[in-house]
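Keeping their order, the protein sequence lines are chains A and B.
Start counting the first sequence at 0; every next residue gets the next number (numbering that gives the first Met the number 0).
Start counting the second sequence at 0; every next residue gets the next number (numbering that gives the first Met the number 0).
Do not rely on the hints blindly, as some may be mistaken.
Under the rule of at most 20 Å between Cα atoms (straight-line distance), these lysine to aspartate or glutamate pairs were calculated in the EDC-like manner [claimed, not checked]:
# : chain 1 : residue 1 : chain 2 : residue 2
1 : B       : Lys164    : A       : Asp30
2 : B       : Lys179    : A       : Asp37
3 : B       : Lys179    : A       : Glu10
Derived Cβ-Cβ restraints for the label pairs, each shown as a range [said to hold, decoys possible]:
#  : chain 1 : residue 1 : chain 2 : residue 2 : range
4  : B       : Gln13     : A       : Gln38     : 37 to 45 Å
5  : B       : Lys224    : A       : Gly325    : 39 to 47 Å
6  : A       : Gly107    : B       : Ala12     : 46 to 54 Å
7  : B       : Gln252    : A       : Glu398    : 45 to 53 Å
8  : A       : Thr345    : B       : Ala115    : 54 to 62 Å
9  : B       : Gln13     : A       : Gly107    : 33 to 41 Å
10 : A       : Val278    : B       : Thr258    : 48 to 56 Å
11 : B       : His202    : A       : Asp37     : 21 to 29 Å
12 : A       : Thr160    : B       : Asn74     : 35 to 43 Å
13 : B       : Leu198    : A       : Pro43     : 36 to 44 Å
The set of hints was computed from the structure by calculation and includes no laboratory data.
Backbone N, C-alpha and C define an ideal beta-carbon position, used for all residues, glycine too.
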Amino acid sequence: MTESAVLPDAEGHFGQYGGRFVSETLFAALDELRDTYDQLWQSPAFQAEFDLDMAHYVGRPSPLYHAKRLSETYGGAQIYLKREDLNHTGAHKINNTIGQALLAKHMGKPRIIAETGAGQHGVASATVAARLGLECVVYMGVKDIRRQALNVYRMKLLGATVIGVDSGTKTLKDAMNEAMRDWVTNVDNTYYIIGTAAGPHPYPKLVRDFQSIIGREARRQSLEQAGKLPDAVVACVGGGSNAIGIFHPFLDDKDVRLIGVEAGGHGVDSGEHAAPLSVGTPGVLHGNRTYLMSDENGQIQDPYSISAGLDYPGVGPEHSYLKDIGRAEYTAATDEEALHSFRELTLLEGIMPALESSHAVAHGCKLAATMGKDQMVVINLSGRGDKDIHTVADIDGIEF
Amino acid sequence: MSRIAACFAALKAQGRQALIPYVTAGDPNPSVTVGLMHQMVTAGADVIELGIPFSDPMADGPVIQLACERALAHNTSLTMILAMVAEFRQQNNTTPVVLMGYLNTVERMGYEVFVAKAQAAGLDGVLMVDLPPEEGHYFTKSLAQAGLDAIFLIAPTTTEERVKKICAVGSGYLYYVSLKGVTGSAKIDTDAVAQKLALVKQHTQLPLGVGFGIRDAESASQVAKVADGVVVGSVLVNALGDNQDDPENGCAQVIATLTAMRQAMDV
């Protein structure tokens, strides 16, 4: 294995990124989580428990689908979609919440908390909590509560308490601040399920490990279905959990390009975007050092994206590392490009992608058009678009 | 001897404890801060903790988050705050000033630039809430070389092994967080605090300040019985926030609270 595939180090560093930048109160909890995780992840019994849930509760493996009409439309590389949208609860988020809920169970924590942006992670957390009989509290920015009303109601039906966060920008980053505050106060009985591959060590590592099932399947399916590895793998990046999940098993396959697509909003030059890897600088937020959107005084800037799930001013630390060493490339797609792909994929393939995933589709198609017909692009279709119908309908001026 | 060491040595000789008020720099607006610092010294403050406002103060409760928002509405920057410290030093060369905040503001300025400017301004110590000793080797060393103290937190959840580690790298004083939670939350449990401080004292000669949950003269005097310093923040910040359109009145309330605490602690 290469160096990049065995990171992070014992302190949670990916090169200069990652680490544990949290207040002292949380250290004991992070140590406990790290030790429990390190032990359980090596245990065949835990692996078997996780695999069984992945197969029979999530419905894995998810298909790798050859999108022939989409490929023909762009006239270049063959486009394959990794169908995480077909998972139970409709996105890749469930892979991580199943894994972390098993950790919570083994650690004897009766209460779980989570932050959510688009609501997919909140729904996935509420789902596993319902199944395991755990109390579940989900923090969500009030701006996101408005644009993701359907998921808020889903969480309530699942028995979760959704707490609106009215501070700061009222989006994902503020929900994460509030969840951290809850955790620091209730650290004895509470497990915090972070939804993305960011936060203090060991979160970036364990979220990546749980999500890497996406890449392991995609790699095997590519060999089985196409007889080769893809030329490029494309995924959207907010915090970056679906991207690191599909990238990680390909890190040692040096001929496979790995491309992360950030939310370009109204354009990365407009100042209204959520693209720290494209135009940000390294800094410290939410427990880790990583690329951030911050101003010259170190204040975090308000991110913007049409998709609540990408509306975050930071990114998982492993992406920052992969960018710096050049193993992965990062670019951005605008709101407009994402919306176009949302409509196009729906019309051409009968698959309605989440607005988050639509960013990956937009860039993946653009890339495919520049490649040969014998080449292959895998796009991680991280979630389905049902939750976004209201957003798109609003743009079309349609009221229900 | 550093200002912080001299301050605690003098108090110890008198059998008194340090009163350490916290206010967010630039709250409710930047023109208030330096005058308030002088007033607080007159009211009996021994060390002043000045908060660096941050957009995402994760370890703080709503009271200090709102203070950050007020200060940031006036674009209070780290550069401005260091200028406030320098201005304070023109008339006061003895009261230690400690900056407390989140690492990203300092990282963005750059460690070297920050340390040089802080030294020139007459700052005494730095407490970065989200910088544990493990991640702070380089910064702590840079501070030490400039004669600045690196102040670290110890929490109720801190294991004895970590207490040792923190005592080995901390300087100036140690800040014991009296409860699990954010600033401005529940009431303090003095017995539990005394127990933990006894453990910490086995591993350090540094003075021990206690903060979180101290809101009136009574709790201040109780904590003063078991600690070397009493840190008070949210109750003062609340007074400034409630009177943001009348800063003079807000400052008067801060001074009244501190005066009552000072009297209760010195009885």
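Taking the hints in turn, this is what the structure says about them:
Straight-line distance between C-alpha atoms of Lys164 (chain B) and Asp30 (chain A) comes to about 15 Å, which keeps the hinted pair within the 20 Å bound. Our distance criterion of 20 Å between C-alpha atoms is broken by Lys179 (chain B) and Asp37 (chain A), whose separation comes to about 26 Å. About 24 Å separates the Cα atoms of Lys179 (chain B) and Glu10 (chain A), which puts this hinted pair outside 20 Å; it is violated. For the pair Gln13 (chain B) and Gln38 (chain A), the supplied restraint of 37 to 45 Å is violated, since their beta-carbon distance comes to about 53 Å.
For Lys224 (chain B) and Gly325 (chain A), the Cβ-Cβ distance of about 59 Å falls outside the hinted range of 39 to 47 Å, so the restraint is violated. Checked against the hint of 46 to 54 Å, the C-beta distance between Gly107 (chain A) and Ala12 (chain B) comes to roughly 50 Å, which is consistent with it. Look at Gln252 (chain B) against Glu398 (chain A): about 51 Å separates their beta carbons, and that is inside 45 to 53 Å. At about 58 Å, the CB distance of Thr345 (chain A) to Ala115 (chain B) agrees with the hint of 54 to 62 Å.
At about 49 Å, the CB distance of Gln13 (chain B) to Gly107 (chain A) disagrees with the hint of 33 to 41 Å. Against the hinted window of 48 to 56 Å, the Cβ-Cβ separation of Val278 (chain A) and Thr258 (chain B) comes to about 50 Å, which satisfies the hint. Range check, His202 (chain B) to Asp37 (chain A): Cβ separation about 28 Å, and the 21 to 29 Å hint holds. Between Thr160 (chain A) and Asn74 (chain B) the beta carbon distance is about 37 Å. The supplied range of 35 to 43 Å therefore holds.
For the pair Leu198 (chain B) and Pro43 (chain A), the beta carbons lie near 40 Å from each other, so the given range of 36 to 44 Å is met.
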